[in-house]
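**Q** Based on the sequences and whatever the hints tell you, model everything.
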Amino acid sequence: MIPAIVVFLYLAAVLYIGIFAFRRARGREEAEDYFLASRSLGPFVFLFSLFGTNMTAFAILGSSGHAFSNGIVTFGLMASASGLVIPLTIFLIGTRVWALGKKYGFMTPVQMFRDRWECTHIGTVIFVVQAAMLVPYIIIGIMGGGTTLSTISGGTVPFWFGGAIVAMVVMSYVFFGGMRGTAWVNTFQTILFLCFGAIALIVIGYGMGGFRSAAQAMQGAPALAPLLTRERISPYYFFSYTFIPLSAIAFPHILIFCLTARKITQFRKTVIFYPICILAIWLPCVFLGVMANNRANDIPQIKDKQEARRVLATQGRTMEPEQRDQLRDQAAGDDVIMLLLQRYAPLWLAGLLGAGIMAAVMASDSQILALSTMFTEDVFAFYGGKTRFGESVQVQTGRIFIILITLFAYIVALQAPETIFELAIQYAFSGFASLSPLLIGALFWRGSTKWGALAVTVWTASAVVAVAVFQSVVPAPAPGPATVLWSVGGTEVLARTPGGTAVFGFMPVVPMVLVSALLMIVVSLATRKPAASTIAKYFGGDRS
Amino acid sequence: MKRILLVVAVVALYVLHQDIWFWRSSYLVFGFIPIGLFYHAMFSFAAALLMWLLVTFAWPSHLEREVEEAEREEDRAP
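Residue numbers (the working numbering), protein chains in the order written: chain H, 1 to 544; chain C, 1001 to 1078.
Keep in mind that a hint or two might mislead.
[Unchecked claim] Straight line, CA to CA, 16 angstroms or less: simulated EDC-like cross-link-like pairs of lysine to aspartate or glutamate:
#1 263(H) with 1019(C)
#2 103(H) with 1068(C)
#3 103(H) with 1071(C)
#4 103(H) with 1066(C)
#5 303(H) with 320(H)
#6 103(H) with 1069(C)
#7 103(H) with 1019(C)
#8 537(H) with 1066(C)
#9 303(H) with 1073(C)
#10 263(H) with 1068(C)
#11 103(H) with 1075(C)
#12 303(H) with 1068(C)
#13 386(H) with 118(H)
#14 537(H) with 1069(C)
#15 537(H) with 1073(C)
#16 386(H) with 30(H)
#17 529(H) with 1066(C)
[Claimed, not checked] Every beta carbon over 12 angstroms from chain C, so not counted as near; a handful from chain H, in silico:
#18 76
#19 85
#20 104
#21 115
#22 211
#23 238
#24 323
#25 469
#26 511
#27 518
[Said to hold, decoys possible] Looking from chain H toward chain C, a few residues come up when the C-beta cut is under 10 angstroms (computed):
#28 235
#29 382
#30 385
Note that these hints are calculated values from the structure, not bench results.
In this text, a Cβ means the ideal position worked out from N, Cα and C, and glycines have one as well.
**A** Spelled out as structure tokens, the structure:
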């Protein structure tokens, strides 16, 4: 129970920070102050809050769980690829969006798109698609919160109640503190979970009697040795994952965070230290997730997971899809890091580390705030609400929206059967990566048009729905060869894999991004450009 | 020339991410870190170094000037 008490104290501290931010902002019921902290974040808070907002439940729970099942490949798939692509996109796109926000007062990406392409309702379509894909991200946070509290309390706090507590705390400090509260809490949380990895590694390593014997034992065990390599993953699949981090800059909450910097120089440290921050969190989690496979004798739950994995691999082909799904749930490793902590860390430290996990889990605050900002700016204010009712009512509308969206996400989180990692990757990440040509077109290509933007958005929404429908209609096969649904001349075009979908052997994100880029080019070339004055506003030159 | 070199460095690092040469190796660096994991940890440091090069040699300082100019114009407006 001690770990659970430490976690509850942590939740109280987070709540206090949010309310402190609310007091600081009292009397300033302006949209720019509530939603963007008056574009005044300093370098330290900007670095940690921007990084923290991108680290959700899967950074700790999902990464270690994925590594437990798939081995070291997890780090190369998501962490090192993100360490290259995300800071690069912040450097190229984030800085430009910041400058445009400062010059023209934009508070959301859709405001910029509407201005850049002289469009109205197409902007609304982009808003709807962005909002629909952002909700799963919020659900992940609540699911992670429920899992964490339930495991840390040894089952005393049930999943539904843990999720409810996390949802309530996040909702409260976002509701009161707005962007300032969210940024401060994120900074506090990021420092916590940056410390988490190193402490967890040392404590668990000490408890296990060092990693050397565990790693060498795995190397010598035929069933576990592949987890130290990448032989179970195809190079196509590995390559596909480098497209996923394109989603980061296309996520509205990241782009909105880019608008909060006081000066452009604050991007410098963020860009340079981003890969190191990712390394600091992911490397220990992935390593511990892999090493957990050697602890079956110490931790019965890990033995059960491995048994479920073995049955799935050997008998999965002859089972009903429902039975396979049940075994997959049993084999999933989202809680292995907490099982290791419970076994090897002293109680009070397990609590502190549990708080570190909660910090990562609760990163859904920025998504909730971003959705609220988008709704009030892109819909409420755009369709006349701000003019009619004033800025104070706009802020209150944003707050009501925060309550509604959190409630909705909580209800869905109770129903969702997928593991944290799968849910995030399959829907939100691929979809936002596919929207990235919108930003590249708007900022770097004079010739892009609103019709090109619409084509990208409609394609993205259709592709995400198509993948979701495909995966729900065609059950996932047992581990091993994929189920090929369509092949041409011996080439596999479409296949259902144990982990998702493959198109020509690649993850769907690859064709989604490439087709998006192609549509932006072809449709823009065939349609009318915005006025010369608008293009000049963004690229310089003659405004007449 | 500086920009071309930086673009080449970005592309080269992207290619180096696909380290098929360590795909099936379970060799343990220092006796406990799998080589594939160690390589990608080093890759992250290389990415940070590349970001430092970009920030140092290709910083978009024109954006800052544009913003300052726009703010001055706004201040001057009646």
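**Q** Go through the hint on residue 385(H) and say holds or violated, using the shortest Cβ distance to chain C against 10 angstroms.
**A** Violated, because the Cβ-Cβ distance from residue 385(H) to chain C comes to roughly 26 angstroms (cut-off 10 angstroms).
**Q** Can you confirm whether the C-alpha distance between residue 103(H) and residue 1019(C) stays at or below 16 angstroms?
**A** It is violated: about 43 angstroms lies between the C-alpha atoms, which goes past 16 angstroms.
**Q** Please verify that the nearest CB of chain C lies beyond 12 angstroms from residue 115(H)'s CB.
**A** Given a closest Cβ separation of 14 angstroms, the condition holds.
**Q** Beyond 12 angstroms from every chain C Cβ: check whether that's true for residue 104(H).
**A** 8 angstroms, violated
**Q** Can the hint on residue 382(H) be confirmed by a CB-to-CB distance to chain C that is less than 10 angstroms?
**A** Where the cut-off is 10 angstroms and the nearest Cβ of chain C is about 23 angstroms from residue 382(H), the hint is violated.
**Q** For the pair supplied as a hint, residue 303(H) and residue 320(H), is the alpha-carbon distance within the 16 angstroms limit?
**A** This hinted pair is violated, its Cα atoms lying about 23 angstroms apart.
**Q** Against the 16 angstroms threshold, does the CA-CA distance of residue 537(H) and residue 1069(C) hold or violate the hint?
**A** Holds, at about 14 angstroms.
**Q** Within a Cα-Cα threshold of 16 angstroms, do residue 386(H) and residue 30(H) meet the stated pairing?
**A** 11 angstroms, holds
**Q** For residue 469(H), is the shortest beta carbon distance to chain C beyond 12 angstroms?
**A** Holds, because the least Cβ-Cβ distance between residue 469(H) and chain C comes to about 31 angstroms, which exceeds 12 angstroms.
**Q** Would the non-interface assignment of residue 76(H) survive a Cβ cutoff of 12 angstroms against chain C?
**A** Non-interface label fails for residue 76(H): nearest chain C Cβ at 5 angstroms, not farther than 12 angstroms.
**Q** Taking only the CA atoms, is the gap from residue 103(H) to residue 1068(C) under or equal to 16 angstroms?
**A** 9 angstroms, holds
**Q** Is the straight-line distance between the alpha-carbon of residue 303(H) and that of residue 1073(C) 16 angstroms or less?
**A** 68 angstroms, violated
The structure is inconsistent with the numbered hints 1, 5, 7, 9, 12, 13, 17, 18, 19, 20, 22, 23, 29, 30, although it conforms to all the rest.
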